[in-house]
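S.K.: Here is how the chains run, residue by residue.
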Amino acid sequence: MSARDAILGKIRRSLGADASDPARRAAVTSRLELAPLGVIPARGQLPQAERVALFCTMAKKLLASVERVSGYDAVPETVAGYLRNNNLPAAVRMGADERLSSMPWVEQRALEISRGPSDGDDAVGVSHAGSGVAETGTLVLTSGGDNPTTINFLPDHHIVVVSAADIEGDLESALAKIRERYGKGEMPRTVNLISGPSRSGDIEQKLILGAHGPRALHIIVVDEPGVS
Amino acid sequence: MQVTSPQFKKHTRAALANPHLQQALGNVRAGFIDKRKKAVDALPEFDQLRDSARDIKNHMLDHLDLYLEAYEAKVRASGGYVHWAETAEEARAIILDICRSAGARTVTKGKSMITEEIELNDFLQKNGIRPVETDLGEYIIQLRGEHPSHIIAPAVHLTKDQVEADFRRVHDHLPPTRDLTEHESLLYEARRVLRPAYFDADVGITGANFLVAETGTSIIVTNEGNGDLTQILPKVHVVVASIEKIVPTLEDAAQIMRVLARSATGQEMSVYTTMSTGPRRPGDPDGPEDYHVVLIDNGRSAMLGTEFQDMLRCIRCGACMNHCPVYHSVGGHAYGSVYPGPMGAVLTPSLAGLAKSGHLPNASTFCGRCESVCPMRIPLPKMMRHWREREFERGLNPATQRTGLKLWAMFARRPALYRFATSVAVPLLSMFGRRTGRFRHLPLAGGWTRYRDFPAPEGRTFMQQLSERDAVTMQGAK
Ligand code: SF4
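Protein chains in written order, with UniProt numbering: chain U, 1 to 228; chain B, 1 to 478.
If you are wondering where the hints come from, they were derived from the structure by calculation, not from laboratory data.
Fair warning: this is a prediction, and the values are worked out from it, not measured in the lab.
Ideal Cβ placement from N, Cα and C applies to all residues, glycine included.
It is possible that part of the hints are untrue.
Unchecked claim - Stretch-level coverage of chain B by chain U, calculated; a stretch enters the list once three of its residues show a Cβ under 8 Å from a Cβ in chain U:
#1 141-147
#2 229-241
#3 264-277
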């Protein structure tokens, strides 16, 4: 007997259950299909403007820095400003994400832009989040041809752009958005829920930022006039 | 699973006499409890979420066979491999096989308790493969050749100075004059030393906090980002997980996540919650080319349908040990099992057998704090009592304890005799202990009085006080 059958057999014997019991099967199938919502905290259930404000407050509590800009066209100069303020070289790495590519980077003549996955030598990475979660100040990033996962972890500084219109009240709403985009039961290879910069408290429980991932997380929330 | 729990008493004596350990344990008392409380107080729905989390896992356990099948089908459909292991030995062999097929010489590891349980590192090393722990705490204890003393803070038993000494000993290629006096400098040194390992590794091994049946996804929850570098840089990602990590849907995972981080570290959400499904997709610029899941039973299926089934709801948050007065005094190593504290006192006998687990079910004061903070509402004290009863039935406890309990049972079954005996003994004890109100030594109770005083009775027995009080209330009622 294979280990698989042995384990499943033991589970059934211990439970006194039958694999073909239609009631058990139905319970499982319906839960998987319906994916019922559980308890959703009231905290994030707010009108859009307050939801975005809560997202910013929560993200700052997690020791991320947050800037709000009006329109995608303002992003490149905001990125350049962040680099200057932090005495960083004028170079960033990013994926080929369309929302990022369509921004007016050419206006930042001094800024060097590398595309594609990070090999660990980049000081700053720029990503675009699929959504944000107001409840906890969390960013939701999905991997794909245009969104390398390495950019989320290898550079020292991670700048993440998110549209204010994509900020959801709770985690479940953000997950529902992924389901909508990829199909029920389907997922991209990696979904990264990111809540603040990397940290460790492993030595004497003292919290230090920048353990293995980015030491700094900078979030640019883009308000697009007319979009909500 | 290596278990040295029968030496619990010896371990506790050593632990109580170890000044470094006692200093480090102060951080548990000071750190975790307040942070958890603040996070819990900030979420009015916390208790409702605990109920929800408990119900999800109960439903999952009752249908575990079916959810495992559904999960397996989804992983396969996304291009991943699923392996099943009944025992630790089978699991190790499967993992070694995967590493060998990948031609692996170096393997990076994210923090995982199940790989501690199956003693993977020693096994890989003996087979010529170098395992590198990348979580800061795990890295430190790997340098020391130790096991974790806490399920979420593996190096909580150490002080900063001890870590500095280890780094100076092992990182001998770095200038001896460097400054390592701050926590920051230690962390950055580990970060610098470990970075190249992620790129050298051929295989990355992580655990899983959740396996989602709906999508075939494995989820890890971390703060450092090491688990992510471990799984995205090498060619092969291996997820090692025990069968009860399954949850039905993404929504179910989200419910439990809300109680996990708050109970563990007092965070609302850990920094990185990473959901991985299969290998990299066509066109993906990074990520592993192969994705394997090793599903391990190792004694869990036998807990189903017994009074210990509830223990399989455990999400390894560590709150029970963070709030345990026994853990606070002796730390995790004293328990002699990879799973310390109250959750270990229940789980270790289930996995390793009661005979091997010695005093663990007795390593409790039954204060009930563990159950009151457990996010999954696991009745830990009740289950420790079940183990004590089994221990007694099987004649596994020492002779003095058995005689004592039998003697007590004889009195307890004869109320008149009990009342008479205590009415004589209590005033006697009270008289002898009157000066200080405490006993420093008591016959037959040396194990108790060696480290704490036994309070002297006030002079009257509980039964006497109760009947007096009853008489008063009865009068009041009239
Ligand atoms: S028993 Fe409860 S409190 Fe202890 S680790 Fe498990 S889930 Fe957390």
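S.K.: All the hints need checking, so say for each whether the structure fits it.
M.R.: Do the hints match the structure? See the list:
no.	hint	verdict
1	141-147	violated (count 0)
2	229-241	holds (count 3)
3	264-277	holds (count 12)
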